[in-house]
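These protein sequence lines are chains L and R, in that order. Heads up: the first sequence begins at 1 in our numbering, then just goes up one per residue. Heads up: the second sequence begins at 1001 in our numbering, then just goes up one per residue.
You may find that some hints are simply not true.
As the list claims (entries may be wrong) - Simulated crosslink set (EDC-like; lysine to aspartate or glutamate; CA at most 20 Å straight-line):
{"hint": "1", "chain 1": "R", "residue 1": "K1243", "chain 2": "R", "residue 2": "E1178"}
{"hint": "2", "chain 1": "L", "residue 1": "K77", "chain 2": "R", "residue 2": "E1058"}
{"hint": "3", "chain 1": "R", "residue 1": "K1019", "chain 2": "L", "residue 2": "E36"}
{"hint": "4", "chain 1": "R", "residue 1": "K1019", "chain 2": "L", "residue 2": "D101"}
{"hint": "5", "chain 1": "L", "residue 1": "K19", "chain 2": "L", "residue 2": "E75"}
Claimed, not checked - Pairwise CB distance ranges, derived in the manner of DEER restraints:
{"hint": "6", "chain 1": "R", "residue 1": "Q1031", "chain 2": "L", "residue 2": "G108", "range": "34 to 44 Å"}
{"hint": "7", "chain 1": "R", "residue 1": "L1437", "chain 2": "L", "residue 2": "R98", "range": "42 to 52 Å"}
{"hint": "8", "chain 1": "R", "residue 1": "R1067", "chain 2": "L", "residue 2": "I106", "range": "35 to 45 Å"}
{"hint": "9", "chain 1": "R", "residue 1": "R1009", "chain 2": "L", "residue 2": "I106", "range": "46 to 56 Å"}
Hints were generated in silico from the structure; no laboratory data involved. The beta-carbon is built from N, C-alpha and C at its ideal position, and this holds for glycine as well.
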Amino acid sequence: MTAPKSDLPQGTLDLLILKVVALGPVHGYAIAQSLEQVSRGVIQVPEGSLYPALHRLENRGLLAADWKETETGREAKFYRLTRKGRNQLETEAASWQRLIDAIALILGMANGGAR
Amino acid sequence: MNWWQRLWRRKQMEEELEKELRFHLDEHVNQLIAQGYAPDLAQRNARLALGGQEQVKEECRDARGTRWLEDLLQDFRYALRTLRLRPGFASVAILTLALGSGATTVMFTVINGVLLKPLAYPEADQLVTLHGKTEKYGDQWGFSYPEFHDYQSASRTLGSVAAWTYGGGTVTKPGEAEYLFGRHVSSGLFSVLGVPLVAGRAFLPQEDQPGAAPVAVISYSLWQRRFGGSPQAIEQQLIFEAKSYTIVGIAPAGFRLDGEADIYTPLGQSTEPRMRDRGAFFIHVLGRLQSNVTLAQAQTELSVIARRLAMQYPENNQGRDMVARPLSREVVGDVQPTLWLLLGAVSLVLLIACVNVASLLLARAVSRERELAMRMALGASRGRLVRQCLTESSVLGISGGALGVVFAVVGVHPFVSLWPGSLPRVEDIQLDWRVLLFALGVSILCSLLFGLAPALRAPARKLEHALRSGSRSLGSTRRLHSLFVVAEVALAVVLSVSAGILARTLVRLLSLDPGFNTRNVLVAHVALSPAALENSTKARAAWEDVLDRARRFPGVQSVALADVVPMRVGEDAVGYWATPVQPPPDQTPLALMSIVTPDYLNVMGISLRRGRFLNEQDRTGHEIAVVIDNNLAQHAFRGSDPVGKPLWLQGMPSNPARIVGVVGHVRHWGLASDDQSRVRDQIYVSFYQLPDPLVSFLSSVMSIAVRTSLAPLNVAEPLRRELRGPGGDQTLYDVHAMDDLASASLARQRFLLWLFGIFAGLALVLASIGIYGVLTYLTNQRVPEIGLRMALGAGTRNVIRLVLGQSFGMIVVGIGVGILGALAAGRLLQHLVDGIRPADLSAFAIMIPVLLVTALFASFIPARRASRVDPISALRQE
């Protein structure tokens, strides 16, 4: 955990949450954990903004939630993706991909120019 | 979940949120403990990672999207609590607003029903009425019957045209003899209006011809009255005016053509001479525009046809144009400006009520400044506070409005029944969604109006100052409060001066000489027995019998016949000229012609100025004698003595007539309206000099005028029995005491005066309360200053003068502004009400001192209280 932590670019938290939830019903704490683990600690979601984001997505109908028991036998709120959420995830992921490709192209070109 | 589900399940959602966050914390703690942290350290770290728990919750609540509603509910509950804390304030404010908005809602309900709702005919906006128009006498004239046919065949813009005129007569079978108001209508009338008959059919075109079999459509109420609503009424015979009519149809309930009628007969069957007279403009015409035609296009076409007719028939149609107007305007008549005037007046009352509540709220807002500052210090945004204040005022405004609607429901029908004469479209005046929407809009607007000033006082800056300053206000509200007082006084001035102008007008009109003696005169239409109307000889005999019996009747001093009676609906205008050459038709002066018997002068008490009145010697066979009024004498003879001069009358068989006398002018059109009427000259001709056809025609419309020695209405019923005639089928109808007619001719002025008087009184009371409240508040603010002044030697008088001086300034400015408004209101009144003179100084001279004294009295109480301030305690308050 020596690499510097990055702040999340504006608007990406929703996308990341959607992606994590797409893997299967999952509760809030697990989402926070996955985000941190999968990004190898580069991305650290401030837990304080995770829950408002979840509620916002639920309110917009992108996520749905059910109360279920965890392995440890406690009741937790499990989030899952709705059809609308899945569409949203696909379009946003695609547009991110395009953006990343474009940025990579530009950066690559600049290097080539310097050589 | 819907937003309302979320709203209702708020408690559950709160619990779930709590549970979700607790789960998160517990999991994190467990993990940290598993990683080897001590439990209390694990707790601490987990909490730190999550951030402030309450803050997270708050953000989650925001994310729900129903936040504004929850806030609204919260504010609403808070507003109810604060209002309940001060029930006196709340009830005064709500009652004030309810009075204002109730009155406004009543006026709007009437306007909505009478002016705004479409007429109850299908595609009513296509319906128009057509009128004749001349340069000199305006555009209120009817058509002649031949003209109606000309337009019917020539017009392409009007899909269909129909005509009608007044009728009426005695029905003798089945049942008792009874006079019925009727209408002669052309065959297309019901279909042009799009009115389906309840049963049977309308007239066929071939029935709308001279000589066709008599048929009738009867009204719904006559159908119920005489036939018990039986379907067998169709095809039954009705003996009407001694002729047997076959009933072919039943008109729908509530159907009316300028008032209700009981029997409709085909216009084209009439054989009266005037049906062929191109100079007799007695036909009312209405039509339906083709669906793609505008009113302007129809108007253009009408004018073209009118010009062609003017060339074809110059003796009658020269200078005569035709105009088309929407039927709705015709139905509504002249009440429109009065209604808007009243809505304007009640809006002023409502405005005063709003200003009143605004000043009350403002005074409260100032005393709540510390509370608001505290809320802000605890993190409330300014917008949130403004919203809270507005919610509070809306609670007041909407409760006031709701109570106002209740007042309106109760009040609208009494109001309509007080309307002078009959208000058109009364049946359409109901509370509907438009009215409710209006009331809601008015309440919200009022809430904004009186809530905004206090709301915007929510502190923006200088928080700590507000917190520190204790009970004393930081910013001065003096200017805003002064503005309120100025506004209230100005509005009260406008209303009370308007009332004053109306009162002066009424007094002046009542003192006018009507030109005759209205006391102890009874007038009534007489429907002769249908048998007597068969020919003129019988009619003359029947009239002699009526006059004889009436003359000998106890309590009757004298009796006369007349075709038109002053101050009652009905007129008979005739063209006249005093030189042998007839002027062109549109230049011919018109005079009101009265066909009377010689005793008319005595019965009415009209003053004789020159020569003699008509007498028994003026009979058929002699030269026609006419008596003119002094207006006509003035207009036609300019000071030279008209007695003995000839006078030519349009349509008279033997011209010229001879002027035998001059009488005083009679205010025929009513005390107020006579000066404004277009036809003001008057001519009297004896009934005994009429040719036979005219006697037959007039016999169905003649009235008797009776001078009594008792109260005239007491004579009415016995006289009615006495005059039933040999067949028992002679009836009196439209029975009035002349005094009542004269007083009814001022009904509109009197009605407006009453309303404005009430409005002005209300305005005065409200404004006084407002001034009292504002000054009490302002004086309380100045208590320490007053204490200081008194400690430095100021006396009671000085303090009173100080406070009164402050209010005097505001009142004077208010009166100044109000005078300007009142001048404008006076001009408006002059346009809308007959007989008003706007620059009526006495109205100002009387009303303004009244206002000044009232306003000063209202400020005197706080002033006196201020003068009793104890300097020591006042200074300690500092």
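Take a quick look at whether K1019 of chain R and E36 of chain L sit within 20 Å of each other, Cα to Cα.
violated, 23 Å
Given the range 35 to 45 Å, decide if the beta-carbon distance of R1067 of chain R to I106 of chain L lies inside it.
Since R1067 of chain R and I106 of chain L have Cβ atoms about 42 Å apart, the given range 35 to 45 Å holds.
For a C-alpha distance cap of 20 Å, please report whether K1019 of chain R and D101 of chain L respect it.
violated, 42 Å
Are the Cα atoms of K77 of chain L and E1058 of chain R separated by 20 Å or less?
holds, 19 Å
Using the beta carbons of L1437 of chain R and R98 of chain L, state whether their distance is inside 42 to 52 Å or not.
Given range 42 to 52 Å: holds, Cβ gap about 51 Å.
20 Å Cα cutoff - pair K1243 of chain R, E1178 of chain R
holds, 15 Å
Tell me if the straight-line CA distance from K19 of chain L to E75 of chain L falls inside 20 Å.
Judged against 20 Å, a Cα distance of about 23 Å means the pair is violated.
Using the C-beta atoms of R1009 of chain R and I106 of chain L, is the stated range 46 to 56 Å upheld?
holds, 50 Å
Hint check for G108 of chain L and Q1031 of chain R - Cβ pair distance inside 34 to 44 Å
For Q1031 of chain R and G108 of chain L the Cβ distance comes to about 41 Å; the hint holds.
The structure is inconsistent with the numbered hints 3, 4, 5, although it conforms to all the rest.
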